[in-house]
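Enquirer: Protein chains in written order, with the numbering used here: chain V, 1 to 96; chain R, 97 to 391.
By construction, these hints were calculated from the structure, which means they are not laboratory data. Heads up, some of the hints might be wrong.
Pairs of lysine-lysine, DSS-like flavour, derived with a Cα cap of 30 angstroms [said to hold, decoys possible]:
hint, chain 1, residue 1, chain 2, residue 2
1, V, 64, R, 146
2, R, 329, V, 73
3, R, 329, V, 64
4, V, 88, R, 240
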Amino acid sequence: MLANYGYSDASGDFYITIDTDRCDGCSACVSACLEAVFVVVDEDPNDPLRDDPVAMVAADKRRKLTYVCGPCKPAADRPPLPCVTACKAGAISHSW
Amino acid sequence: MAEQKSETFWQWTECNWKDPDVGWKDARFITVGIDVGSVSSQACIMADGKIFAYGNMRTGSDSPTSARNALDFALKVTDLPEERMDYCVGTGYGRVNVPFADRTVTEIACHARGANFMYGPKVRTVLDVGGQDIKVIQCDEKGKVMNFLMNDKCAAGTGRGMEVFADLLGVSITDVGDRSFQYDGAEPDAVSNTCVIYAKSEATGLLRSGWTTEQVLAAYCRAMAERIFSLIKRLGIEPEFAVTGGMAKNRGVMGRLMTMISLERMETHWDTQIAGAVGAALFGHALCQRGKGRR
C-alpha cells in the first residue's frame, strides 16, 4: 500500500509517501529524523489484517510537513534527505 | 415584546433501518462498526457479514455520546440485545472515543472495505467526501487499500462547506444539487475553491451584484467539484469509480465532477453515508473469523 501523508494547499502538494509493502518496520527512519516525523506502530490502522509493524507519519506532524521538513530542504544544494537515505528498503519518498 | 426566530437549512435527515430478511439468532458472529465522523455518526450491525441494521445520526459535541446514540438508534429498530455483540470496531475522527469498541481502524481502510461491499468487487477508486475531509482511495478486488490520499487540513470541498452554503443561501441541503442546475444561460464561473470562508464572502458579493441563488449554488458546486478533482488527479483514476459519504447524494457536485473525470460513477441502493461503519463491521467480522475476536 502506498500511504500518502500530508496535504495539498494553495502553495502546492506536500506528501510523504510510505510504501508499506516495502516497509519492514525497522525504525531506521524514526531515529534518522530530527523532527520525529515518523513512528513505527505494531498494528497498521490502515490495514487491520496486516500483522507486521509499519512506519507512519506521526499524526501531529501530518498537517505541518512543510514546516517540520523545512530544515532538511534548503532551497539550494539540497543534501539527500536523512529519512530517505536511512530507509534501506526504499519505502519513503517526498512529493516536494 | 421580543420575538426570536431560528431556521436552519443545513440539517439532513437522520435515519435507521433494519433488514427484515436477516436474522441474528442463528448468526455465528454479530459485529458492529461505529463511524464517528466530524459531522455524522453511523452504527452498522452485521450478522455474519450481512448488514442487519444501521443508524445514521448527526455527531454531537461529545464523541462517546454520539457513538452511543448511533448504536442505540440502530438497536432501536431491532430486537437484538446489546450483550449479543461479539466485536465492535470504531472508526472515523472520533474513533478513539468509542468506549465500547474493541479495536480502532482508520476510516481509509473502512471506506475501501465498505465501498467494496456496497458497490461490489469491481471498485478500484473510492472517493469519500465526508463532513470535514476528502479521501481518495485505490483498492483491489478485496477492498484492500493500495494507495490513499486524504486532505483534512482545510474544509474546502467538504460536506461542512456545503452545509455553510445551504445556510447562507437558505436552501435546504437536500435541494442544493437540483437547484444548482435551475438557472438560465451559461454556467457561472466557480467561486474560490481553496477556502470556505473566502468562497462564502465571494458568494455574498455575487448575490449583492444580482446573481440568483441558483447561479451562486452552481458556482459553488463547480468550485467543490474542481477542488475534489484536483485531489483525485494526484492519485489517478482507475475505473470503476465509486463515491461514499454524504456528498455522494449531491447531484450538483457529483454531476459536475463526473463530467470532469469523464466517467460514470457506480450506483448502489445503500445509503452512501454508512460506508465507513459497514467497513468497520466487516473488519470486525474478518477478525472474529481469524480467531482474533473478543472470545
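Enquirer: Of the numbered hints stated earlier in the document, which are not met by this structure?
Expert: Of the numbered hints given earlier, the structure breaks just one, which is hint 1.
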